[in-house]
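Note that the protein sequences, when read in sequence, are chains A and B. So the first sequence is numbered by numbering that gives the first Met the number 0: it starts at 0 and just counts up by one. So the second sequence is numbered by numbering that gives the first Met the number 0: it starts at 0 and just counts up by one.
It should be emphasised that the hints constitute simulated quantities derived from the structure, not laboratory data. Careful, some of the hints might be misleading.
[Claimed, not checked] Here's a subset of chain B near chain A, in silico, CB distances under 7 Å, partners left out: (1) A12; (2) D13; (3) R14; (4) G16; (5) V18; (6) T30; (7) L34; (8) Q37; (9) A107; (10) K112; (11) T116.
These numbers were taken from a predicted model, which means no experiment stands behind them. Cβ atoms here follow ideal geometry from the backbone N, Cα and C, with glycine treated the same way.
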Amino acid sequence: MTPAVECRSLTKSFGDLTAVDSVDLEIRPGEILGLLGPNGAGKTTTIRILTTLLPADAGSAAVFGFEVATHPITVRRLIGYVPQQLSADGSLSGRENVALFARLFDVPRRHRGRRTDEALESMGLTAAADRLVSTYSGGMIRRLELAQALISQPRLLILDEPTIGLDPVARQGVWERITELRDTTGMTVLITTHYMDEANDVCDRVALMHHGRISALGSPGELRAGVGQHATLDDVFRLHHGETIEQQGGGLRDVVSTRRTAHRLG
Amino acid sequence: MLSAPDAPPIVSADRAGPVATTRWFASRIWTFCVLEFQKLSHDRTELLTRAIQPVLWLLIFGMTFSQFRVIPSGSVPYLDFIAPGILAQSTLFVSVFYGIQVIWERDAGILAKLMVTPTPRSAVVAGKSFAASIRAFVQAVVVVAVALLLGVTFQLAPWRLLGVVVVVMLGAAFFAALSMALAGLVLKRERIMGIGQAITMPLFFGSNALYPIEFMPVWVQWLGRINPLTYEVNALRFLLLGTPTNLVLDIGVLVVAVIVGVTCASLVMPRLVR
């Protein structure tokens, strides 16, 4: 079976910094794969290459067999992408935000209304659909972004830090929607996060990333078992890198920037 | 509940023929225009506040300079002469800072999401350019109405008004594309502000919006002749006042300017989302 994502020796540098350093990664169709690592590990750069936003320096990346460098439009047709920022447009209603992406993904006009309604309903936003997004909470905006990404029925959903800056209840809600989606549609999901506990609960497999390299790849259970009986993913990360993700000191900057976005929207 | 992913679109969509490409452009331009209408319908005061400046130009500058009779405007009264110029100016002003909105959309992650839709980048840029021209169009309605109230005698045959809509939208789309190209080059909101202000003045005063080109110093005339705003003003003056011009040349220059602007913007805009 064609892998959902296949990276071979993928490399990207910014000046002296090698953000993605010869990464090999294969994502199986239908799995939820978590790309875990501290801020600056190269997760977002990897995602930018996969979403055709950023050209790689060397190596290759393919989505369902299509090279991102040579078939960008086909790749974009196959993916749904939710960036790290809360990226819905506050000056439009929720329904208008979703309908925009229905149009941009060429959903036929006769299906547009129904599919928009379905996407909003599946994210629990039917009641709020006609309100301006500037009145939404952070968790609602994240769910609206999921609805936007799902309207095109993507085969691969790419979520960059989907729960950053959200309160615990909203986080829980977002994860529930993501797992429910995978279970009902069978789509492949690639997420990045630095919340180890959430990755542990949700992901089928996780890839630990640090300094642009993938240091470990496997199911959370396998990785933990390799360290010890009551080990957590944090312990796995510490074993590979000698420090925990929190000690990397990243994260906070992201939270602040996402909060700022939320503030601007609200 | 949501249905399963689409039956495999596992055929390449990257080799589109000219027909498919044209449909893409038409579809994206329509989509972004619809979006702009939706935004405007949520915030109608925006339209009025934006129309204040061109109206004040007509009222204060236009009415004052009508008294002086220092600027030769041929057989038409001076206020009539500059009304199409102010109309063209309003398309410039509404669009020349459009790049700031694009940078805001970049900061909010919206631009990255638009760039990850299955569309050639140039179609997204063209769509956004014409979205800017929707605002210019609505503003143009206000300017024309105010000019008529001030006693300007416009020729208002339907084909002339249709022509005005086309010319206003082409002009606004060009300046929006120019602004997006600058945004893609300088990448920062503050710099766009500075550059926008720096180019607005020569674009406006280096055109025939307020006085005929023939009365400028020779080197400014040269600026006026390469300035798309001049051709927009010529076309608008012909359509609204009946002054002679080469309409094919005017609209041709605007169409070429839009194509060049959209092409340049599509080449540099991806830098914003890297």
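Hint check results:
no. : hint : in the structure
1   : A12  : holds (5 Å)
2   : D13  : holds (5 Å)
3   : R14  : violated (9 Å)
4   : G16  : violated (13 Å)
5   : V18  : violated (15 Å)
6   : T30  : holds (4 Å)
7   : L34  : holds (6 Å)
8   : Q37  : holds (5 Å)
9   : A107 : holds (6 Å)
10  : K112 : holds (6 Å)
11  : T116 : holds (4 Å)
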